[in-house]
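Bring the two chains, given one by one in their own frames, into a single complex with the hints.
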Amino acid sequence: MMESRLLRVNLTTGEMRAETLPHALFERWVGGSGINNWLMWEHFLEHDIHCDPRSPDNVFVFGVGPLAGTGSGSGVKGRITFKSPSYGIFGDSAAGGKFPYMVRFAGFDHIVVTGRAPRPVYLYICDGNAVLCDASHLWGRSTGETHALLQQELGDYPSHTHTLTIGVSGENLVGMAGVISDASRIHARGGGGCVMGSKNLKAIAVQGSGGIKVHNPQGMLKWSADFRRRIDANEAIYGFKRRGTLGAVEMYQHIGSHFWRNNQGCLFRGDEVRSDNWVRKYHKYSEVCSADCFIACDGRYKLDGSESPKAAKYAGESFRRPEYLTTASAAGALDVRDWAEVAHWGKLTNEYGMDNQDLSCSISFLMELKEKDLISDRDVAELFGRSQRLEWGNMEDIEACIHDMATRSNLFAELFNDGPYWGALRYSQRKGQNFMKYATYGKGGASFTEEMRPFPTWMNNMAVASRGADHLKGIGLIEKFQRRDLSKRYFNGRTEAADLTIPDLKGASTALIENQVALINSYGVCLFHWMLDPAGFAPEEYYQPAFTEVTGIARTPEELMRDGERICNLEKAFNSRLGLRREHDTICERWMYEPTTEGMYPGSVAANMFEPVLDEYYEWRGWDRTTGLQRRDRMEALGLGDVADVLAAEGALARE
Amino acid sequence: MIRIHTQYQSRFREITGIPGETFELEQPLVSELAWKIAGKYGDRMESLLIDRETNELNERGTMYVDSKGRRVYMEDRLTDGETIAFLIGIAGG
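Residue numbers (the working numbering), protein chains in the order written: chain A, 986 to 1641; chain B, 11 to 103.
Same shape as in the complex, but just chain B (with noise of 0.2 Å):
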């Protein structure tokens, strides 16, 4: 079991309704993370955390880094303690 912090940011904040928080993992990997977030908040979260027809996180318009700025994919492994932060992803103007 490992515990794992993540940031929400701009529409990720709007669905959770708060700015992070804590999840205890069995595996220590991005897709159970992903899963248990897209199952907590529910349709809408899920929709923009995973990609419906691969399964993978959406990588359109949104950004998910460590706490090293590494973009994190459903199979990598985390360590316990690690920040994981939800982002939207928009340059420039």
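For reference, chain A alone in the conformation it holds in the complex (with noise of 0.2 Å):
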């Protein structure tokens, strides 16, 4: 029997309870996201579902999955789950280190915080005991401070701290605020640091010396050596322990991948950082996220001032390596050319916490607006209370809007804090002209800073992805690298999902791949180790015999399979709920008719292969094509025949 602890806490009333997650929980929803999933559906059905996400009536889960922590060294993952602030509709985020299994060890799996605390407070758990503790000292610091407080006042006893914290933008209700775990990893997307913010919510603190249960330890770490093995023998993973995700820079530099200029080019200009330098002279400490962890791909640098013409100025500076992300939003949409301002760029955004790509659209939008003379100085003046050049590259500049953003101290902050699309829209209706063929953005008007024209997987997860346009909710990997290999495993020997040029199977593609992603972030392990592929892609079928091992749930590759199209239909039933239809399944227009201009395919736009992918997607996934929503039928053979009652008795299931 899987054993696992529930931490309730209502801030309003300080009131706190620990309960014991029923078995046949984990039999439904696996565990980490699938978990967190359920117990935000269940407080939505107590609570107004159309509730602000900025009020108390709000929830905030965060959940880690049966194998994290377990030896399974297969990385692990913390989950954030919330609506949205920024795009009012289903949000999550995850994160790796050491806080997640740090968790664990405290006594619990998950934690749902409620309510509004009457002033600012940070929750303390410390071996199955928790309590609210005054966080007024906290209150204005950044993410770093806050983190080095909590440990210093904590201690090393009986563990090293390890925290969840908010910066300065979490506590002014930037819809772009995410979460920072132990300072130096970002649960970025969606908002989740409004949502803490919101709460009066300023970390959460944990210790921990208890140990985890697991069902057949000796089978466990039998599947844990195999595993060694494979990652041991795979040379890709030996190059990627160094690189971490910066690899893709080259490749998408290739290939023409990148984000440039807000999304006006695909290809980072500059030889300092469309190079491998970050390797040669920036990287000097590797670093273990997790202890259960076989990759181990973290890195950190320090800036001796040497490495390039702008080092000098962040001489001294440490920080974790940039992730690709973190240096697409900066050395691609805002054209910033030089590695230490790249690294910068990351670590200030993670010492205000914010999402470093909702951040960067937002600014690089205003950028290409004052490129192409549509706003004056005087217009500029308006947005930022100040003269500012705004133009591509400017450290100075952009340094000033990630602060302006963090304090909510201007206009652009007012307008742009939840992201591109509603900053563009908002600016749009106060200028009476529309500038929304320069706002990049999918779903839920969520940005995402990859060039993703010439891959139709890719647009169509941008366009379905439940939490708003993210890759890592469906990942469109058998397109992206044309694996023919996967493409013909899952598709009866097809070969179509694997080519970029025709529109077939590359819905498929988004459904299979949204559920396997489902599992792996309800295993609680890191998404890296299935997609470096040492152990054959297939988590349905890898990871079965470990999540067994775990705890003790028998299942079956097509069981998992259907696990994690379950965990993907809660999601999406979460939007039904709020009105979500087929018409909001789309992308900006610069993705849909703007083409490509170079890079290896130029010419690519989305609208040609964008409709009959959809459609396919939605043939794939049981739902109705004319409205997107559920079907009865595919609800009920997934075990889901309560979410269709609540969906019909609020018509939001699809009709007979």
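What the hints contain is simulated information worked out from the structure, not anything from laboratory work. Quick caveat, the model's predicted, so the values are computed rather than measured. Backbone N, C-alpha and C fix where the C-beta goes; we use that ideal spot for every residue, glycine too. One should not assume that every hint holds.
Among chain B residues calculated to face chain A with C-beta under 8 Å, some are [what the hints assert, rightly or not]: (1) I28; (2) S57; (3) I60; (4) I98.
Below, simulated DSBU-like cross-link-like pairs (lysine-lysine); rule was C-alpha separation at most 35 Å, straight line [stated by the list, open to error]: (5) A:K1422 with B:K78; (6) A:K1355 with A:K1295; (7) A:K1207 with A:K1332; (8) B:K78 with A:K1357; (9) A:K1332 with A:K1422; (10) A:K1473 with A:K1416; (11) A:K1298 with B:K78; (12) B:K78 with A:K1226; (13) B:K46 with A:K1266; (14) B:K46 with A:K1473; (15) A:K1298 with A:K1269; (16) A:K1357 with A:K1295; (17) A:K1287 with B:K46; (18) A:K1295 with A:K1422; (19) B:K50 with A:K1269; (20) B:K50 with B:K78; (21) B:K46 with A:K1298; (22) A:K1226 with B:K50; (23) B:K50 with A:K1355; (24) B:K50 with A:K1266.
Shown next as structure tokens:
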């Protein structure tokens, strides 16, 4: 039997309650994000789902999956789940590090936070006990300072202190505020930091000395040894250990998959930032993200000032190595051409606790308007409350924008704090002009800083992802890497899913990978362990024994895939309750109609394949093609009859 | 006899120590190119490049594309002067 505990915290009343999660919940939702989703679903059966996400009626759920911290070696991801304040739809976000497994060592797998504290607090959990503590001394502090103060305050007994914190942006209810794990890893997407801020919850700090109960430890260790062998034998992973996701920089530069200057182009400019210099000059220390990760791709830089023309300004600065999307948002969206500045961008956005994609796309939207003389110096002064050049790659300008947004100190921040879509819409309305063709976004108005127009599965993914445009819900690897082997495996020997030039099997691929990613996220392990493919890509097969050894739940790969589909359908149902239909599964004008002009796939636009791919996606999902709504028969086949009843009562289920 | 240019990135470049080179092939086939590269650079390159179970090009975590951005396979024919890039397939972050 899977044993797991949930901590419920009502910040309005201060009441806290520990519960045992029933084994049946794991049978139905696997764990991790699956159970998070269900906990949020239950919350919004009793609270108004149409509530303002910044109100006490919203919920903040933290959870970690059953494989996390068990010695599986597959990395650990914690997940936060909430109604998104920036996009107004389902919201969730993952981050790795040590905090997630320490929550388990402290006695809980999931935490549900409701209400709003009368004054700033932090939640302290230690070996099964929880207490709310005054956080007035932490309010106004950066995420790094908050983490350090909590470590100092709580000490190293019974374990090191690990934290989840918000920065100034979360306190100021900035829609794009994220949540920072151990001062370095961000739950970036959807505005989880804004939700914590709205609850006056500055941080969660944990210490734990407990273990994790595993159903069959010997079986788990056997699986883990095999996984280790596969990772150690994989040369591609050997390279990934030092580069991490920055390994994508060169590949994307080769094929033309970067997002440059608000996606007017798809290649980085500047020899420094498009090279492999990161590894040669900047990578100073390798770090273990989680004690339970056999890859350990994390790294740290420390600038001595000699690395690049701009590095001297930041001499002595040290922080976590930028991820690819941190780099894409600075070197790509904003055309910052110096690695030292890119690294500094990553550090600053982490210190303030903000999603750097939504931020960079908001700034780059305005930079493009300025570049095209669609707004004047006077307009810029009105937006920022000062004269500002607002020019590409100008780090002084950009740094000022970061500060403005975090402190919500001017019109720019007021208009754009929910990301580029809402910002562009509000600004267009204010100026009486339509600037929307320059805004880059997908579903829910979420941004994404990679070139996607040549890749129909990615485009579809950006239109349908439950948490708003994002790759990590259904990353289109079969297509982008043209994996004919996987296409054959999953689609009865057919190879079309790996062919970029045709729409066939792209909707099907989206659905397939969404289900697989939902499984990975519910196991609570790192997506890169799957993406790098040491074990044959299929999480429903390779991880199946590990899941069983840990939980005691017997599952076939087919059943696990159905579990993944069930999890995706609950996220969909949440959005359907909020009124989302087919017309909301869409992307911005630039991606839809404006052809790429460079890279290996010039002339690409999404419109060529968008509708047939979306039709196919609904078909494979068993959803209604006209409305995009779920059908009762498919819901019942997935064991979601109760969810279908809720949808039917609210007119959010497809008609028979 | 045809001449094929190669470009190596990240892990491929670390193993070869060079950004690219030119090979002369008797048969205009990707398979000849792949085995020549593997033979020249040894076990680590062979492990990265070729799936030893199937003797096909390894598709896991790697990507090899021609000048039009199409992935190439062992049985594909090459034309004189073509450039093949050897990349590591990582996305997102």
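task: Find the hints from earlier in the document that the structure breaks and name them by number, from lowest to highest.
output: 1, 3, 7, 10, 11, 17, 21, 23
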